[in-house]
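Top line first, the protein sequences correspond to chains H and V. If you read the first sequence in the working numbering, its first letter stands for residue 33, the second for the next number, and so on. If you read the second sequence in the working numbering, its first letter stands for residue 33, the second for the next number, and so on.
Just so you know, the hints here were simulated from the structure itself, not pulled from any lab data. As the structure is a computational prediction, the values presented were derived from the model and not from experiment. Some clues are possibly wrong.
Identical copies carry no separate label here, and so any pair may be met within one copy or between two of them.
[Claimed, not checked] Once the Cα atoms are required to be at most 25 Å apart in a straight line, the calculated DMTMM-like pairs of lysine to aspartate or glutamate come out as:
id : residue 1 : residue 2
1  : K247      : E94
2  : K51       : D147
3  : K251      : E238
4  : K244      : D93
5  : K177      : D55
6  : K251      : D180
7  : K143      : E158
8  : K246      : E166
There are 2 protein chains.
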Amino acid sequence: MEFESYFPVWNQLTTEQQKLISDTVTFRTIPKGHIVHNGSMDCAGLMLLRTGQLRAYIMSDEGREITIYRLFDMDMCLFTASCMMRSVQFDITIEAEKDTEVWVIPPDVFKKIADESAPMANYMNEIMASHFSEVMWLVEQIMWKSFDKRLAGFLLDETALEGTNKLKITHEIIGNHLGTAREVVTRMLRYFQSEGIVKLTRGTVEVVDAPKLKKLIEK
Amino acid sequence: MEFESYFPVWNQLTTEQQKLISDTVTFRTIPKGHIVHNGSMDCAGLMLLRTGQLRAYIMSDEGREITIYRLFDMDMCLFTASCMMRSVQFDITIEAEKDTEVWVIPPDVFKKIADESAPMANYMNEIMASHFSEVMWLVEQIMWKSFDKRLAGFLLDETALEGTNKLKITHEIIGNHLGTAREVVTRMLRYFQSEGIVKLTRGTVEVVDAPKLKKLIEK
């Protein structure tokens, strides 16, 4: 079964635990743009990504967004089972940024395995600590980095992620990632364009001078 | 032994695990103002607070600070053993805000127990998730709340924590908690004073109209 090779601590589970998971796991395809988890209402279960990309973000009362972290192939999505973790006291939204295939382990099965298995609980700890680290990075960014550096970092990350310098992305979506109003993004992108760093067309942002972007971050 | 009643999952550990901890745990007194953990250099071990108060914060390159969370009586301090958690990828500083008494479990003993014991690993998960929640709250605050509301919330928390309306605290220290320059704090406190909310004297901030502060937050 392909699933077993994707499940992180599979070989450290007991035969009974493995059987319980195998008997209850389901496979699901999530189309791009679909919301898989929204606040505390949802509790689909533990998700294990086969392929695709998920984005976790929070939203203000006014509907402003900021991206917290992303998940890729082979990543495990804990917060879609957050109803089973009573110390998780915040609302997060998780959406598919690309067409995504996941295995889903029901919340109660996930809880039972985590309660029994030290390797599983420790693996969850690693995930939690790594998300924690990402949020700490974000705090440092928004507290102490100016917006031009944050935008430069975002554009470089996106070009690496998409494998192209020509990003199909609107200024509003960039704003949603960075927690900033569209106007602020537009203003900074126009400045970048005047500096010969990017080229803007309707619906695209093309990075034409990546070294200059990198230099901007290091300054 | 008093220690056992402070250790969260003591009764769920095996006799061997209990013995290992009992044989290696030490008791330490930390004077107010002392730094117990600083970035990745330090790894004192898992700390369990008997009495006192610890503050965890991060620092910018320029020396600006922002408080991430605090620990009180009976709390467990994971990050003083962060060398044992490889996914913790950030530097945090932890200082004693009051005279503090802790039990310290050596890092390798902590690691061995966490690896073996599902209850211990799950307890760590709860702590991690609750700190994670605190940082998410902080992100929401700094992204979407204006500074007057953040300062109002801080003053109310402090008066509750210290059990007095007359806080012995400098504007610089308030700035360190909130990640803001001293001048910004002073300006806002003077505005609060002009509104009859606080009374300022050298080295103290007295909250004279708490209901008004609460109203400010709810607005």
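For each hint, the structure was consulted:
Taking the shortest Cα distances, K247 and E94 sit within 25 Å of each other only across copies (20 Å), while inside one copy they are farther apart (34 Å). In this assembly of identical chains, K51 and D147 lie within 25 Å of each other by CA distance both inside one copy and across copies; the values are 16 Å within and 23 Å between. Taking identical chains as interchangeable, the C-alpha atoms of K251 and E238 lie at most 25 Å apart only when both belong to the same chain, with a minimum of 22 Å there against 42 Å between chains. In the homo-oligomer, the alpha carbons of K244 and D93 lie at most 25 Å apart only across protomers (23 Å), although the nearest pairing inside one protomer, at 36 Å, exceeds that limit.
In this assembly of identical chains, K177 and D55 lie within 25 Å of each other by CA distance neither inside one copy nor across copies; the values are 48 Å within and 47 Å between. In this homomeric assembly, K251 and D180 come within 25 Å of each other (Cα to Cα) only inside a single copy, at 11 Å, whereas the closest approach across copies is 31 Å. In this assembly of identical chains, the alpha carbons of K143 and E158 lie at most 25 Å apart whether taken from the same copy (17 Å) or from different copies (13 Å). Taking the closest pair of Cα atoms, K246 and E166 come within 25 Å of each other only inside a single copy of the chain (20 Å); across copies the shortest separation is 32 Å, beyond that limit.
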